[in-house]
Amino acid sequence: MTTKAVDWIKAHVLAFVAIVILVFLVAPNAIMLLFSFNQPANKYNFVWNKFSANAWRHPCASADMCSSIKLSVSIAVIATIVATALGTMVAFAMMRHRFKARGFLNVLLFLPMAAPEVTMGITLMTFFYNTTGSNSLGFWTIVIAHVMFSLSYVVVTVKARLSGMDPTLEKAAADLYATPMQTFRRVTLPLVMPGILAAALLSFALSIDDYIITVLTAGNEVTFPMYVYASFQHSVPAQIDVIGSTMLLITLVGIACAQVPQIVKSLRASSAG
Amino acid sequence: MSATTADKAVPPAAAAPAAEHKRRLNRTPYLLLAPGVLWLVVFFLIPIFTAVSASVQTGSLDMGFDVTWDWSNYTTTFSQYSTEVWHSLEYSVICTVVCLVLGYPLAYFIAFRGGRWKNLLMALVIAPAFTSFLIRTIAWETILSDHGWVTRILSDTGISNLMVHLGLLTDPHQLLNTPFSVIFGMVYNFLPFTVLPLYTSLEKIDPRLHEAGSDLYCSGLKTWRHVTWPLSLPGVIAGTLLTFIPAVGDYINAYMLGGPNTHVIGTVIENEALRDVFGYPIASAMGVILTAGTLIIVLVYVKKAGSEDLL
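As you go down the protein sequences, you meet chains A and B in turn.
To convert, take the position in the first sequence, counting from 1, and add 57; that gives the working numbering.
To convert, take the position in the second sequence, counting from 1, and add 230; that gives the working numbering.
Any given hint could be a false lead.
[To be verified] Some, not all, of what chain B presents toward chain A, calculated at C-beta under 10 Å:
#1 Ile340
#2 Ser362
#3 Pro511
#4 Ser514
[What the hints assert, rightly or not] Subject to a maximum C-alpha distance of 20 Å in a straight line, what follows is the list of computed EDC-like cross-link-like pairs (lysine to aspartate or glutamate):
#5 Lys61(A) to Asp445(B)
#6 Lys452(B) to Asp64(A)
#7 Lys61(A) to Glu441(B)
#8 Lys100(A) to Asp376(B)
#9 Lys348(B) to Glu433(B)
#10 Lys348(B) to Asp436(B)
No lab work stands behind these hints: they were computed from the structure.
Backbone N, C-alpha and C define an ideal beta-carbon position, used for all residues, glycine too.
All chains, please: the whole structure from these sequences, using the hints.
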């Protein structure tokens, strides 16, 4: 066989493998979307029975579920704001300043990413038991936990953006008699913004989907992941798939919107060329 | 790196006022760092010490706990729950290896053959992760069910029998509630964590190195072994770590896709911590063991792989 033929086969074997793995990754989402239109024969929405848009028409048939979503969203919003603010400050300090104990800081930031979730959950729960008592577990302890495990990811994301920035731009601003504050507001911040937004998005996604740390710090509160986990023991309604599909659609629309400026740019470039 | 260059950028002529300026500004980094560092120290570092101290306490929620230096929580973990500890280790190691074997070709394909579709393909890898992973795991319950076509095809083709021989299944007509379904779910959930860092490090490799390899009469496989693989090692290490760490503490796949015979250490920790009044010191002890164990494994692995700068 010629090398060309061998290359052709090799390239397509790789493509085939890649497509199979991608299908494997996407399959549960397709099932989720499909089963949100199912009318389950019993309490568990596991087996296809017949088509029905009932779950989409009455997403809040279970009031408990909708209040758990409200709780999850409010926790995620607060945790995202706090974690993004604190993490961005740390990232700026690390990239723009000299300070002592940098090694300690690196370890401190790395450890939360290297510790299994369940151990962070159990240690934090023990901490609250021993300091504020078991009755203190609730909304704010969940927020505290979520900020704690998102912080490192925010720092890493914002730092990556800062390190990719051209440092001469800030120097140019200073050369043009901009005060440090002006330079920060007009030059640095707009350039770092995509990194900060990405970090915020990441910590929101981490927070809204977290189960393990949340269940150990939640007390009597029930977040949406906790609702889904518990529902697995008695009934899995189709409404759960409706919520999952809605989350997916919002994400896909978001990704599409993020691509629009790039597509417009490339269209302009091609029409100009 | 760039922090030091920024500091060195002060021109020598302005050294004297700059020094004064600097002394005044020197507080800035500490003010910027303080809230974040405090948060991590108070809510991450100190709780570890609290948990260590709690793990040697005895008592109950009503009577209060006293530090009695009772080490039995640790010995109980290994005597009573050794199966669960072993399951955690076994499942997470297999999951990490399978994720690498599946994730590498995918990341390689997207990085070198993706062309203009690169970003879209990577979005496909990440996007599923943006809906609740619990719901996606429930979907596998449907796909792998006893009456589903996946189970039928596997048993018709005899693959199920092979898996029975390997100890992954006990009944060729049942995929759920087995070690196989647990590991399967874990691979599915953690594969993006392997692909992402792999893709990042593969994408940085200059494709001209491949041409150079073939110019020097290297076969494709040889080029991969001697050029691509060594250059992608940082991604391999980061990807396997990002997969192993959440996998070793995971108990959601074991709960949703597994059965009573697939309990892992996380299952026991949650049960002890939430459902048993006397359980929280032993849950702390297990948390301490899991943290220490993971840290040791990670450090040894990073040391062996020779990339301490990753930490």
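Hints, verified against the model:
1. Ile340: Holds - the Cβ of isoleucine 340(B) comes within 10 Å of chain A, reaching about 7 Å at its closest.
2. Ser362: 5 Å, holds
3. Pro511: 9 Å, holds
4. Ser514: It holds, given that the least Cβ distance between serine 514(B) and chain A is near 5 Å, below 10 Å.
5. Lys61(A) to Asp445(B): Within the cut-off at roughly 15 Å; holds.
6. Lys452(B) to Asp64(A): 14 Å, holds
7. Lys61(A) to Glu441(B): Between lysine 61(A) and glutamate 441(B) the Cα gap is close to 15 Å, so the pair holds against 20 Å.
8. Lys100(A) to Asp376(B): 18 Å, holds
9. Lys348(B) to Glu433(B): 10 Å, holds
10. Lys348(B) to Asp436(B): 16 Å, holds
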